[in-house]
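J.: The chain contents come next:
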Amino acid sequence: MPVDISKQQYTGSVKALTVGSGEGALTVGGETAFPFCTFEGETPNSPKIGIQILDYAPDDWAEACLEPYKDVVADPVAWAKKAQDEYGADFIQLWLKSTDPNGLNRSADEAAQTAKAVAEAVSVPLLVWGTNNAEKDAEVLSKVAEVCADYDIMIGPVSEDNHKQLGAQALAYNLTVVANTPIDINLAKQLNILLNNLGVPLEKIIIDPTTGGLGYGLEYSFSVMERIRQAALTQDDEKLQCPFISNLADEVWKTKEAKMPTDSQMGDAKTRGILMESLTATTLLNAGADLLVMRHPEAILQVRQYISQLGGFEMPKSAKKAAAKSKRAAEGVVPAASRIADSLKEGALCEVVQIMDMPVDLAPGHAIALIKCVEDDSAGDGLVLSAGGSALSDETVRGEQKTEQKETVKEEFKPESEWTPVENITGDYEYKLGKSKDFAGKTVKLIQDNYDKGHPEEKFDWRGRAGDREEMLRQVTTSLHYWYGEGYGSEKRKKPA
Amino acid sequence: MALSGIQIFKMLPNTNCQECGVPTCMAFAMKLAAGQAELDSCPYVSDEAREKLEEASAPPIRPVVIGTGDSALKVGGETVIFRHEKTFVNKPGIGLLITDTMDEAEVDKKLKTFKELEYDRVGMKLKADIVALKDTSGDPEKFLKLVEKVKNMGLTTLVLMSDKPEVLAKAVKAAGDIRPLIYAATDENVEELGKLALENNCPIAVRGKDLENAAELTSKLADMKLKDIVIDTGAREIRQAFQDHIAVRRAALVDKFRPLGFPTIVFPCDMTDDPIQETVFASTFIPKYGGIIILSEVDGHNLFPLSVQRMNIYTDPQRPMATTEGIYEINNPDENSPVLITSNFALTYFIVSGEVESSRVPSWLLIKDTEGLSVLTAWAAGKFVADAIAPFVKKCGIEDKIKHRKIVIPGAAATISGDLDEELTDWEVQIGPREGAHITPFLKNWKAA
Numbered sequence: 001m002p003v004d005i006s007k008q009q010y011t012g013s014v015k016a017l018t019v020g021s022g023e024g025a026l027t028v029g030g031e032t033a034f035p036f037c038t039f040e041g042e043t044p045n046s047p048k049i050g051i052q053i054l055d056y057a058p059d060d061w062a063e064a065c066l067e068p069y070k071d072v073v074a075d076p077v078a079w080a081k082k083a084q085d086e087y088g089a090d091f092i093q094l095w096l097k098s099t100d101p102n103g104l105n106r107s108a109d110e111a112a113q114t115a116k117a118v119a120e121a122v123s124v125p126l127l128v129w130g131t132n133n134a135e136k137d138a139e140v141l142s143k144v145a146e147v148c149a150d151y152d153i154m155i156g157p158v159s160e161d162n163h164k165q166l167g168a169q170a171l172a173y174n175l176t177v178v179a180n181t182p183i184d185i186n187l188a189k190q191l192n193i194l195l196n197n198l199g200v201p202l203e204k205i206i207i208d209p210t211t212g213g214l215g216y217g218l219e220y221s222f223s224v225m226e227r228i229r230q231a232a233l234t235q236d237d238e239k240l241q242c243p244f245i246s247n248l249a250d251e252v253w254k255t256k257e258a259k260m261p262t263d264s265q266m267g268d269a270k271t272r273g274i275l276m277e278s279l280t281a282t283t284l285l286n287a288g289a290d291l292l293v294m295r296h297p298e299a300i301l302q303v304r305q306y307i308s309q310l311g312g313f314e315m316p317k318s319a320k321k322a323a324a325k326s327k328r329a330a331e332g333v334v335p336a337a338s339r340i341a342d343s344l345k346e347g348a349l350c351e352v353v354q355i356m357d358m359p360v361d362l363a364p365g366h367a368i369a370l371i372k373c374v375e376d377d378s379a380g381d382g383l384v385l386s387a388g389g390s391a392l393s394d395e396t397v398r399g400e401q402k403t404e405q406k407e408t409v410k411e412e413f414k415p416e417s418e419w420t421p422v423e424n425i426t427g428d429y430e431y432k433l434g435k436s437k438d439f440a441g442k443t444v445k446l447i448q449d450n451y452d453k454g455h456p457e458e459k460f461d462w463r464g465r466a467g468d469r470e471e472m473l474r475q476v477t478t479s480l481h482y483w484y485g486e487g488y489g490s491e492k493r494k495k496p497a
Numbered sequence: 498m499a500l501s502g503i504q505i506f507k508m509l510p511n512t513n514c515q516e517c518g519v520p521t522c523m524a525f526a527m528k529l530a531a532g533q534a535e536l537d538s539c540p541y542v543s544d545e546a547r548e549k550l551e552e553a554s555a556p557p558i559r560p561v562v563i564g565t566g567d568s569a570l571k572v573g574g575e576t577v578i579f580r581h582e583k584t585f586v587n588k589p590g591i592g593l594l595i596t597d598t599m600d601e602a603e604v605d606k607k608l609k610t611f612k613e614l615e616y617d618r619v620g621m622k623l624k625a626d627i628v629a630l631k632d633t634s635g636d637p638e639k640f641l642k643l644v645e646k647v648k649n650m651g652l653t654t655l656v657l658m659s660d661k662p663e664v665l666a667k668a669v670k671a672a673g674d675i676r677p678l679i680y681a682a683t684d685e686n687v688e689e690l691g692k693l694a695l696e697n698n699c700p701i702a703v704r705g706k707d708l709e710n711a712a713e714l715t716s717k718l719a720d721m722k723l724k725d726i727v728i729d730t731g732a733r734e735i736r737q738a739f740q741d742h743i744a745v746r747r748a749a750l751v752d753k754f755r756p757l758g759f760p761t762i763v764f765p766c767d768m769t770d771d772p773i774q775e776t777v778f779a780s781t782f783i784p785k786y787g788g789i790i791i792l793s794e795v796d797g798h799n800l801f802p803l804s805v806q807r808m809n810i811y812t813d814p815q816r817p818m819a820t821t822e823g824i825y826e827i828n829n830p831d832e833n834s835p836v837l838i839t840s841n842f843a844l845t846y847f848i849v850s851g852e853v854e855s856s857r858v859p860s861w862l863l864i865k866d867t868e869g870l871s872v873l874t875a876w877a878a879g880k881f882v883a884d885a886i887a888p889f890v891k892k893c894g895i896e897d898k899i900k901h902r903k904i905v906i907p908g909a910a911a912t913i914s915g916d917l918d919e920e921l922t923d924w925e926v927q928i929g930p931r932e933g934a935h936i937t938p939f940l941k942n943w944k945a946a
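Chains D and A, in that order, are what the protein sequence lines are.
Going by this note's numbering, the residue at position 311 of the first sequence is 311; the numbering climbs one at a time, nothing skipped.
For any residue, its number in this note's numbering is found by taking its place in the second sequence, counting from 1, and adding 497.
The set of hints was computed from the structure by calculation and includes no laboratory data.
Cβ atoms here follow ideal geometry from the backbone N, Cα and C, with glycine treated the same way.
Do not take every clue at face value.
Unchecked claim - Pulled from the structure, derived: some chain A residues nowhere near chain D, Cβ distances all over 10 Å: (1) Pro540; (2) Lys622; (3) Ala666; (4) Thr821; (5) Ala909; (6) Leu921.
As the list claims (entries may be wrong) - Reference listing, derived: stretches of chain A covered by chain D, where coverage requires no fewer than 3 residues with Cβ under 8 Å from a Cβ of chain D: (7) 577 to 590; (8) 741 to 754; (9) 762 to 776; (10) 780 to 792; (11) 801 to 813; (12) 844 to 857.
Pulled out of the complex, with its shape left as it was, chain D reads as follows (with noise of 0.2 Å):
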């Protein structure tokens, strides 16, 4: 049977609007029909997630979504260069919550430095967040204008009562504003309007339709946003066309139902804050967010794969390496880091500095870990390769101590029978165990089976790449230098172990 199904009639388009430049640039906006609905128009660009950062550490989060960033919360540039290096943020919403004049009060000179250093820190677009007070928000964010001027930023919320003013550093300084109504396709196109006639123009406005949380509030939210995208697609209402913001990470983490602790009726604690937050933000996306700001690493990831799938973008690269890392955690699959330290306690030969995870795209599901010689004082730091999924490893690099330049030690490189990974019946792979190992002359009982049994996720015999010694000491080296390299992980890397 035929099934022949009008489509829906579209006149108009979201503009699309593009903030900073580089690898960092940020484009959304453009699409020409309704969320998702990619067979009856375009959607030039997928939505974009922000994370949210705070300008003092929270005393107030949920004790899941502050897990993630405990290392980081009490200076905003780590905060921003995690959030963008380790989660992937396609932008930062910097919060100056501490401005607020019923909390903190700091100033607009101080708000409006680290607003500047986080700015300067990370290549990302940064949006700069207020505290809903128009009088200080006006005060605070201009000055964030003028201090920032070298940086492609987002201002925000700008309100009706602020405009004036806000518009004005708009203009002076080129930036973006985010205009912010409270649930009302009038206010919101009235403030448009307003921006417009002082000159901004509409292809630098975001529409901030003030977003409720799951369970507080959103449907009034999901419903102002697919009138108002209504208006601009099939009415072609100009004044509405500006892409939205949801802002969503503290309205769903601020709830009561988020800092519940885990209990049978409400289940486990940061499972379900996770999936609060993924559901106000599909929510929304059905409703025709274009950019969200959230919080949690996973949350995010969920909601990237789901924009991924739905729409059929592409994931980006960073997304992609979080997905392939939090899927091997999931099926535990990976050789846990702690794994590691635990086996290479009980050899109790040696003894744990550090230990980390092989960056993906090197060795995916392969962990590295620095250790000590403690038998004989005069040993030097080793370094572990432990080959998850493929085979046991335990081939271990000697360097100078306190030294970041790390000499390996000449010896020759003798593939073992051990190494090798047998069959078994039922096709799981099985690997047999080097207890002990003897390595430049001295006992050092290394790794055991430091991998939870099971398929590997998948097959990756960097061994077998590494065909000879040269190659596997090249392994070596280029996993020492995501160690101490710039571009992996936070400042706390950079420093000898």
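Chain A: place on chain D using the hints.
T.: Structure of chain A alone, referenced to chain D:
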């Protein structure tokens, strides 16, 4: 296929008897066309005309009831594409998949959790609705045992899933008089299963290879005089399933295409192995037109968010959510605890009570019935003003519970403080913060004397 007023008029007796309560047959026809009148109001309409009119005036998406009694699940019956056009009416059912090859202990655990989870929110009960039992063993005995077991646990809103008509026939018989949803009619078995559904008066689902095949199957069933049909478009991939749902809703409402005018059943449980992703996928079909959503896992951490999302989206936008008027005790207040008053708009209540609770200051919260309007709107509408609040404060019984006479009003309603002072002569009216977030410091500094 909706008929115009004129078309309907031609089928009416044209006697202008006025027994329907409308002056003329023409006016009645117009009302029918606009959906403002019921055909039953006309005592003289011919059977032939009735059949035609009923067909034409049937809802564009058939409401389908699965199960019986209080726990029955009603899906479909939707009339709009966007909830702001009117409202969504019948919440999609959240279902749990149980197969007959699952470990017995696992089944018990899953069903126990399914039964026990329930949330109370603004006077509404949020629960999972339906259990889908799937025959994966191919062993009829095993499947029947599972059906019996679930039924004996008091779970009677069911989907019975099997590829084999003979297994389904036995299962439907074993289930008895509880109107389970039979899943699923395909090209191979549509006649046989159609007959089964007809004989047992059960709703039946079709599983199409695609949208077109699904429409063919529903048409065949409709020819057999079956009405309670549920559509599985066959998509097992999120993107296709989403597009199918958009198409089904538009086909039914815009094109009035009857073969797709039924609620859907969708299986996020088959779309991914990651239970978190499964719930994320499921959340698509709450705003986007799902009928029954089947999950592989129902637990507090996913049912709570999903059922709250469902409640949000299915709230009638024409009527604000409201909570009951009265005195709410937060953090075990005593006679020296502060008294706050606010409107009964559900959001206001949630935010204020949440903030008071997290402040850990024992407090009394008075909720004044403002017909679900927020503080400012209620003030403008004359429902949160001194002469409405004062009688409530005096009568609600708070005066017996406290020693002091101080009442905190919302900062947004500061303008009423003067009037309220006059009305509540023995009370001291204090102006509270404008923002929920500032309640905690306010309460911490509050003193009874």
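J.: Hints first: check each against the structure and report whether it holds.
T.: Here's how the hints hold up against the structure:
no. : hint       : result
1   : Pro540     : holds, 39 Å
2   : Lys622     : holds, 13 Å
3   : Ala666     : holds, 27 Å
4   : Thr821     : holds, 18 Å
5   : Ala909     : holds, 12 Å
6   : Leu921     : holds, 28 Å
7   : 577 to 590 : holds (count 3)
8   : 741 to 754 : holds (count 7)
9   : 762 to 776 : holds (count 4)
10  : 780 to 792 : holds (count 5)
11  : 801 to 813 : holds (count 9)
12  : 844 to 857 : holds (count 6)
This entry satisfies every hint, going by the numbered hints stated previously.
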